[in-house]
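Asker: Numbers 2 to 242, taken from my numbering, label the letters of the sequence shown in order.
Since the hints were made in silico from the structure, they are not lab data.
None of the hints are false.
Here are the simulated distance ranges between beta carbons:
no., residue 1, residue 2, range
1, R143, K52, 37 to 45 angstroms
2, Y73, D9, 15 to 23 angstroms
3, R143, T21, 37 to 45 angstroms
4, D144, D16, 32 to 40 angstroms
5, R36, K238, 33 to 41 angstroms
6, N111, S55, 17 to 25 angstroms
7, V65, S124, 28 to 36 angstroms
8, R36, N134, 25 to 33 angstroms
As the structure is a prediction and not an experimental result, all values here were calculated from the model.
For every residue, glycine included, the Cβ atom is placed at its ideal position computed from N, Cα and C.
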Amino acid sequence: RCRFRNLDGSGLVTDKSRPTTVKTRVIAGSQHIVRVDEESDKPASGQITGKLLSSIKNALKKQVDAIVFEDYDKGVVTPELISEVVAIASKKGIPITVDPKKRNFSHYKNVTLFKPNFKELISGMNIDVRRDNPAEIFNATRDFCKKQKIEKLMVTLSEHGIWIGNHKEFFALPSRVRDVADVSGAGDTVIAVTTLCLASGMDDYNIAAVSNIAGGLVCEKIGVVPVEKEELVRECKAFFG
2 RCRFRNLDGS GLVTDKSRPT TVKTRVIAGS QHIVRVDEES DKPASGQITG KLLSSIKNAL
62 KKQVDAIVFE DYDKGVVTPE LISEVVAIAS KKGIPITVDP KKRNFSHYKN VTLFKPNFKE
122 LISGMNIDVR RDNPAEIFNA TRDFCKKQKI EKLMVTLSEH GIWIGNHKEF FALPSRVRDV
182 ADVSGAGDTV IAVTTLCLAS GMDDYNIAAV SNIAGGLVCE KIGVVPVEKE ELVRECKAFF
242 G
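Based on the provided sequences and hints, a complete structural model is requested.
Answerer: Right, here's the structure in full:
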């Protein structure tokens, strides 16, 4: 599958004790009826974590512009893996972006950008804020970001768009009106495009704007599908003029 997508799969690690996660969605029209998951969320063994670290260290011998933690809370991303990779990246000056889940939420420290969705934000930080109040989000999250040494916080807000902030300022961008068919893969798309924009040197506002557009585009498609470069460029040109 990686070769089909022209992707390098040489860094993948096989764990014979763990099934490949399969999510089966039943959809009628644009309505999700049910999802059946086949998976394991037990923590990876020390041996598997060691193999992953070895693979990551080998990959970092090449030119790496950014590292993404796409944490699905399935046990593969462990606190030990997080701390080791962050330490290596910090020494090399490589930015790290994170799409977290609850189990490891507080284990991510000294990262460049942290991107929970709104539900994950209020649960992970144990705060009570409204998603339609950008200033409230800013004030409620500053202490957590300072404590965790997080440079930038991005929060996806569903129909309310996207929010991004650092220690000094924040921006909130509304969502664009779209025909939403399936939200599967939207979060993955946002963190991927965010990381690309960050590694390219874009400022916070433009990172959020492009990522917001990409996340919206993928919601118009049924299933987990990538956003094509041409359609993203076209939408960005229309947005930025």
